[in-house]
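Asker: Going by my numbering, the sequence shown opens with residue 2, and the numbers climb by one from there.
It is possible that part of the hints are untrue.
Unchecked claim - Straight-line Cα separation of at most 27 Å, DSS-like style, residue types lysine-lysine; simulated pairs: (1) 101 x 248; (2) 507 x 537; (3) 248 x 316; (4) 337 x 537; (5) 510 x 337; (6) 323 x 416; (7) 101 x 337; (8) 380 x 336; (9) 510 x 446; (10) 380 x 323; (11) 357 x 510; (12) 337 x 295; (13) 357 x 454.
Stated by the list, open to error - Derived CB-CB ranges, DEER-like: (14) 161 x 313: 52 to 60 Å; (15) 473 x 311: 30 to 38 Å; (16) 356 x 135: 43 to 51 Å; (17) 32 x 257: 30 to 38 Å; (18) 135 x 247: 16 to 24 Å; (19) 114 x 190: 20 to 28 Å; (20) 155 x 247: 56 to 64 Å; (21) 174 x 538: 37 to 45 Å; (22) 567 x 446: 51 to 59 Å; (23) 106 x 537: 49 to 57 Å.
In case anyone wonders, no lab produced these hints; they're calculated from the structure. Note that the Cβ used here is the ideal one computed from N, Cα and C, for glycine as well.
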Amino acid sequence: MKKMFLPVVLFALVTALFVTSCEEQKKLSREEIVADFMYQYTNLTPQQVADIVGTEQLTFANSEKSPGYILALDDSTSLIVPENVACMRLNDITLNVWRKDNTLTFLVAVVDERTQLATVFETWLCGDSFFNQTLPPRELQRYIATGIIAGSDISGHRHKPTKRLTGKVIQWPDELTLFGSYNYSASVPEGSLQTFCYPTDYYELDSRHWLYSRVEVEFSGAFVLDIIDLYTLKKIGVRLGFDAQDKFIHQLYSDTGTIRGQVAAFGAYGVYNQKLLSAIPEFMRIPAEFPIIKGMRYLYRPLDLTKPMTLEEVKEVAVKTKAWKGAFEGTGKEKKMLEHSTLLDNRTFTVVFDDKTTWDYEIGEGFNMRFREGAGEWKPERYDAFEIDDQLVFFAHTTDSDCPIDGLQYAIDLKNGLVTCIRSTFDDEENPRVPRQQWLFGVIKTDGITPSKHRHQFTDELLGRSYTWEYSDEVASQHYYTTTESFSFAIFQNSEVGVMGSFPCKYVKIRDGVYLMSWIEMRSQGIQGILLFNTKTMHDCGTCHGMTHDQTFEFNTFCAEARSGGQYN
Numbered sequence: 002m003k004k005m006f007l008p009v010v011l012f013a014l015v016t017a018l019f020v021t022s023c024e025e026q027k028k029l030s031r032e033e034i035v036a037d038f039m040y041q042y043t044n045l046t047p048q049q050v051a052d053i054v055g056t057e058q059l060t061f062a063n064s065e066k067s068p069g070y071i072l073a074l075d076d077s078t079s080l081i082v083p084e085n086v087a088c089m090r091l092n093d094i095t096l097n098v099w100r101k102d103n104t105l106t107f108l109v110a111v112v113d114e115r116t117q118l119a120t121v122f123e124t125w126l127c128g129d130s131f132f133n134q135t136l137p138p139r140e141l142q143r144y145i146a147t148g149i150i151a152g153s154d155i156s157g158h159r160h161k162p163t164k165r166l167t168g169k170v171i172q173w174p175d176e177l178t179l180f181g182s183y184n185y186s187a188s189v190p191e192g193s194l195q196t197f198c199y200p201t202d203y204y205e206l207d208s209r210h211w212l213y214s215r216v217e218v219e220f221s222g223a224f225v226l227d228i229i230d231l232y233t234l235k236k237i238g239v240r241l242g243f244d245a246q247d248k249f250i251h252q253l254y255s256d257t258g259t260i261r262g263q264v265a266a267f268g269a270y271g272v273y274n275q276k277l278l279s280a281i282p283e284f285m286r287i288p289a290e291f292p293i294i295k296g297m298r299y300l301y302r303p304l305d306l307t308k309p310m311t312l313e314e315v316k317e318v319a320v321k322t323k324a325w326k327g328a329f330e331g332t333g334k335e336k337k338m339l340e341h342s343t344l345l346d347n348r349t350f351t352v353v354f355d356d357k358t359t360w361d362y363e364i365g366e367g368f369n370m371r372f373r374e375g376a377g378e379w380k381p382e383r384y385d386a387f388e389i390d391d392q393l394v395f396f397a398h399t400t401d402s403d404c405p406i407d408g409l410q411y412a413i414d415l416k417n418g419l420v421t422c423i424r425s426t427f428d429d430e431e432n433p434r435v436p437r438q439q440w441l442f443g444v445i446k447t448d449g450i451t452p453s454k455h456r457h458q459f460t461d462e463l464l465g466r467s468y469t470w471e472y473s474d475e476v477a478s479q480h481y482y483t484t485t486e487s488f489s490f491a492i493f494q495n496s497e498v499g500v501m502g503s504f505p506c507k508y509v510k511i512r513d514g515v516y517l518m519s520w521i522e523m524r525s526q527g528i529q530g531i532l533l534f535n536t537k538t539m540h541d542c543g544t545c546h547g548m549t550h551d552q553t554f555e556f557n558t559f560c561a562e563a564r565s566g567g568q569y570n
């Protein structure tokens with residue numbers, strides 16, 4: 002008995018801690034869960050930036066002194082890396098960082114003493130306006146030049162941009178990093194439930210060493226550069242920029258990571274080259290007459306595309322647009338649509354949720370039905386439905402198609418009588434473009450069905466998985482399901498995965514292999530997406546509900562075809 006005492010106590014203690022942790026997580030509000038994702042960084046002025054940074058040269062803890070170099074760069078300039086500036090070393094590669102005089106410009110020189118090759122990042126605060134956009138003064142811009150140590154007899158060979166890291170997932174002590182596309186990456190900070198996506202540069206230094214750099218656009222604006230040894234999973238790096246408290250951070254660091262896996266890297270075979278630039282959709286390209294600006298890059302700034310609105314303005318646009326306007330008609334997306342399901346035709350049923358609210362339905366034929374909420378009045382309304390799995394129906398409608406600001410989207414299982422509903426309502430004065438969500442669990446009561454006592458549950462079974470979603474022959478994206486409360490995605494641009502974004506989301510298991518997922522495009526247009534996904538058929542169906550960037554309101558159904566993009570741990 003004494004031998005059993007310690008294990009039992011340990012088991013009880015671990016169980017208690019686990020239960021407490023789960024209970025605490027359940028108590029977190031939606032606002033608390035997305036707080037770091039929705040954090041509003043101070044819009045510092047150029048003068049505030051200059052005052053905070055000051056005039057002193059940068060000093061770094063845990064650094065050695067640079068041996069100093071003279072670099073010959075391919076843009077026909079030369080650069081002196083001063084002796085004694087901050088430096089870190091990884092094998093034969095040095096990372097040298099210093100401030101350019103008393104300016105707001107900082108230089109990061111990566112020098113490989115074995116190959117005599119070098120890559121220099123020039124970074125600066127308070128960038129100029131660009132293509133009718135005023136760049137946030139706190140955001141670091143960057144310009145990249147490759148070259149050699151002056152005097153070296155090297156022709157042709159250089160550090161080069163690469164797609165070779167695409168799809169790799171590495172866990173570092175402070176974050177999980179997903180190298181999602183050729184020009185973007187995603188990260189999940191340690192302790193966070195949210196995923197963040199940033200424009201990224203990748204360079205191959207040699208077959209062992211790789212350069213990864215990002216700017217945290219639309220968030221802190223900080224610049225990060227890592228040199229990674231994929232043989233040992235060790236890295237050295239530098240972070241420059243403002244934190245959430247507007248303190249200017251300049252930090253050199255080293256870490257050791259673990260490869261968690263590799264998701265599929267879709268795209269053309271071959272090395273990274275300028276042909277990738279042609280992957281940018283025509284409507285998003287910079288006009289030919291626009292001057293080329295130092296450090297220009299292709300970025301996704303959804304906040305700049307989003308017009309602030311009042312709740313009354315949202316309602317006015319919803320009334321003008323109405324629901325079920327066939328937003329996808331003529332776009333090619335209708336090719337991926339499932340057939341409208343007749344499984345609910347001529348049925349009468351009541352949905353009873355666990356919070357005791359009820360909805361009564363009388364389904365006719367075609368797209369017609371009547372409904373009432375509780376003991377309210379019966380109302381005629383249009384609906385749509387798809388059978389995504391055997392006797393499993395996705396069922397969607399608004400409470401008023403003429404002003405579709407209140408929508409209900411169901412997964413109804415006619416085999417066991419279970420129902421999960423997402424009700425999305427635009428009624429928030431503080432965030433008019435963002436719907437308020439209710440996740441409702443319950444049962445369907447109708448002839449011939451005995452409801453189960455179980456319920457659909459939130460799940461983590463999709464975590465680490467990646468899928469592509471093909472909405473039409475021209476429009477596709479790749480999803481990466483990164484945490485229980487968020488996911489990231491990459492937009493395919495002429496067969497290459499490119500620009501990435503991320504949003505808060507939730508996942509519910511409906512059946513083995515069938516999942517209900519919903520996200521809200523926060524820090525963006527605010528639209529809600531819902532999909533009910535069958536991993537056996539690799540097909541989904543769902544709705545989009547809300548305001549688009551082009552100021553139309555939609556409540557429409559969609560379907561898409563999936564491909565597996567692999568999985569990481």
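Asker: Does each hint fit the structure? Answer for all of them.
Answerer: Results for each hint:
1. 101 x 248: 20 Å, holds
2. 507 x 537: Measuring from Cα to Cα gives roughly 21 Å; hence the hint holds.
3. 248 x 316: Violated, at about 41 Å.
4. 337 x 537: OK: residue 337 and residue 537 at ~16 Å, within 27 Å.
5. 510 x 337: Given pair residue 510, residue 337 holds - Cα atoms ~23 Å apart, limit 27 Å.
6. 323 x 416: 34 Å, violated
7. 101 x 337: 55 Å, violated
8. 380 x 336: 32 Å, violated
9. 510 x 446: 21 Å, holds
10. 380 x 323: Given pair residue 380, residue 323 holds - Cα atoms ~17 Å apart, limit 27 Å.
11. 357 x 510: 22 Å, holds
12. 337 x 295: 42 Å, violated
13. 357 x 454: Satisfied, since the Cα-Cα distance of roughly 15 Å is no more than 27 Å.
14. 161 x 313: 52 to 60 Å: 54 Å, holds
15. 473 x 311: 30 to 38 Å: 34 Å, holds
16. 356 x 135: 43 to 51 Å: 47 Å, holds
17. 32 x 257: 30 to 38 Å: 35 Å, holds
18. 135 x 247: 16 to 24 Å: 19 Å, holds
19. 114 x 190: 20 to 28 Å: At roughly 33 Å between Cβ atoms, residue 190 and residue 114 fall outside 20 to 28 Å, so the hint is violated.
20. 155 x 247: 56 to 64 Å: Violated: the Cβ-Cβ distance is about 43 Å, outside 56 to 64 Å.
21. 174 x 538: 37 to 45 Å: 40 Å, holds
22. 567 x 446: 51 to 59 Å: 42 Å, violated
23. 106 x 537: 49 to 57 Å: Given about 55 Å between the Cβ atoms, the range holds.
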